[in-house]
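Undergrad: Here the protein sequences come in this chain order: A and B.
Counting from 1, position 125 in the first sequence corresponds to residue 125 in full-length UniProt numbering; the numbering is continuous, with no gaps.
Counting from 1, position 128 in the second sequence corresponds to residue 128 in full-length UniProt numbering; the numbering is continuous, with no gaps.
Read the hints as simulated data drawn from the structure, not as lab findings.
Please read these numbers as outputs of a predicted model, since none were measured by experiment.
Glycine residues also receive a C-beta, built at the ideal position from the N, C-alpha and C atoms.
Please note that a few of the clues may not be correct.
Pair by pair, the computed Cβ-Cβ distance ranges are [unchecked claim]:
hint, chain 1, residue 1, chain 2, residue 2, range
1, A, Asp61, B, Thr47, 45 to 55 angstroms
2, A, Ala25, B, Ala89, 11 to 21 angstroms
3, A, Asp178, B, Thr80, 18 to 28 angstroms
4, B, Asp61, A, Pro183, 42 to 52 angstroms
5, B, Glu144, A, Ala137, 33 to 43 angstroms
6, A, Gly60, B, Lys35, 27 to 37 angstroms
2 protein chains.
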Amino acid sequence: MQLHTYFRSSAAYRVRIALALKGLAWDPAYVHLLKDGGQQKAPSYRTVNPQGLVPTLVDGDAVIPQSLAILEYLEERHPTPALLPADPAGRAKARAMALAIVADIHPLNNLRVLTYLRGTLGQGEEAVKAWIVHWTAEGFAALEQMAEGPDFCIGRAPSFADLCLVPQMFNARRFGVDLTPYPKLVAIDGHCQALPAFQAAAPGRQGDAE
Amino acid sequence: MQLHTYFRSSAAYRVRIALALKGLAWDPAYVHLLKDGGQQKAPSYRTVNPQGLVPTLVDGDAVIPQSLAILEYLEERHPTPALLPADPAGRAKARAMALAIVADIHPLNNLRVLTYLRGTLGQGEEAVKAWIVHWTAEGFAALEQMAEGPDFCIGRAPSFADLCLVPQMFNARRFGVDLTPYPKLVAIDGHCQALPAFQAAAPGRQGDAE
Chain A
1 MQLHTYFRSS AAYRVRIALA LKGLAWDPAY VHLLKDGGQQ KAPSYRTVNP
51 QGLVPTLVDG DAVIPQSLAI LEYLEERHPT PALLPADPAG RAKARAMALA
101 IVADIHPLNN LRVLTYLRGT LGQGEEAVKA WIVHWTAEGF AALEQMAEGP
151 DFCIGRAPSF ADLCLVPQMF NARRFGVDLT PYPKLVAIDG HCQALPAFQA
201 AAPGRQGDAE
Chain B
1 MQLHTYFRSS AAYRVRIALA LKGLAWDPAY VHLLKDGGQQ KAPSYRTVNP
51 QGLVPTLVDG DAVIPQSLAI LEYLEERHPT PALLPADPAG RAKARAMALA
101 IVADIHPLNN LRVLTYLRGT LGQGEEAVKA WIVHWTAEGF AALEQMAEGP
151 DFCIGRAPSF ADLCLVPQMF NARRFGVDLT PYPKLVAIDG HCQALPAFQA
201 AAPGRQGDAE
């Protein structure tokens, strides 16, 4: 399998954790989001991923964009270890927490949106930082209530929810978001970070890290 | 089952289509997104949905937020008719198209974000409309390439992709987005709109329609 990835992309980071937890080998294809005006916008990459976003997983003939679609695909093709609870209600909880990040925090704070705020809307760095903090805090407040624990977001094994939470916590720290209102999330993040698979997937451990 | 819904919420609309296609009965619990300063923000609703967003599906003990988590739950509990293709690669395509809407178009253009643009960032209606058109056009351009057809987004049966596309097309028309660059999406939308389940789920057919 080949993963089109960028070390600091939190969407790619989610997939790298899944691949590591499932013990699947993969080759990186690096897409630098800042160099050359953004390599993800190049016509050659758009043929792989029409949205011009990372990650994309290539597995034989299957070319799959969207991190959560990739997680579901890996779960169907390589079900062990499971990254969703066994019961439908538990699976729904894990997916809902993942989506609260994937749909309601991350897309508001990713590079293309911040570029639009700075460029087209002429916002300064203070307003851009306030925007990032606002949407992260709103999402984390809900996630703090939704997290069940005791070790991970849902129970005693990592699920899609944790795979999405850890990269978002990384982003939150990078942007200086105050995490003290979210003690459960901080504890879950710490529990995840102790596992080798989460460590291997971290931005600083990638071949394209700067 | 009970669905917390608002007639014009495109996320609730997705779920209403799934329930109709699967022939499942449900009771509406109306959440008016504008009245009372937004009923979705009321503490009583936050106990159901910590994010303060619609929809939420209640099925016995299971209380499920996030439209795509609800679609996956319904698919697992009520697999016929299937709303995902049978093969993992096809399922991944349908999910990726759904997520290109759920994660990369809709969250940028929903009420809470437009309110922030108008309020905190002091943007006028022209800038807000340009914002909506920009993210819709960027997403639809990718979806136009990803759509396989011949009848629906993927093949000859509706999938999650179509359940997300139709409400987003409804929004696009409401906001005056030019749809002529997306003939495949317009044709798929027309094909869907001819089906009774899609008609029954439409905003104008809901008990809280205005």
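Undergrad: Give a verdict on every hint.
TA: Hints, one by one, checked against the model:
Separation of Asp61 (chain A) from Thr47 (chain B) is about 46 angstroms and conforms to the stated range, judged on CB atoms against 45 to 55 angstroms. One distance hint, 11 to 21 angstroms for the beta-carbon pair Ala25 (chain A) and Ala89 (chain B), holds here, with the actual separation near 20 angstroms. About 48 angstroms separates the C-beta atoms of Asp178 (chain A) and Thr80 (chain B), a value inconsistent with the hinted range of 18 to 28 angstroms. A hinted range of 42 to 52 angstroms is violated for the C-beta pair Asp61 (chain B) and Pro183 (chain A), which are about 27 angstroms apart.
For Glu144 (chain B) and Ala137 (chain A), the hinted distance range of 33 to 43 angstroms is satisfied, since their beta carbons lie about 36 angstroms from each other. The beta-carbon spacing between Gly60 (chain A) and Lys35 (chain B), approximately 52 angstroms, falls outside the hinted interval of 27 to 37 angstroms.
Hint compliance for this structure: hints 3, 4, 6 are not met, and every other hint is.
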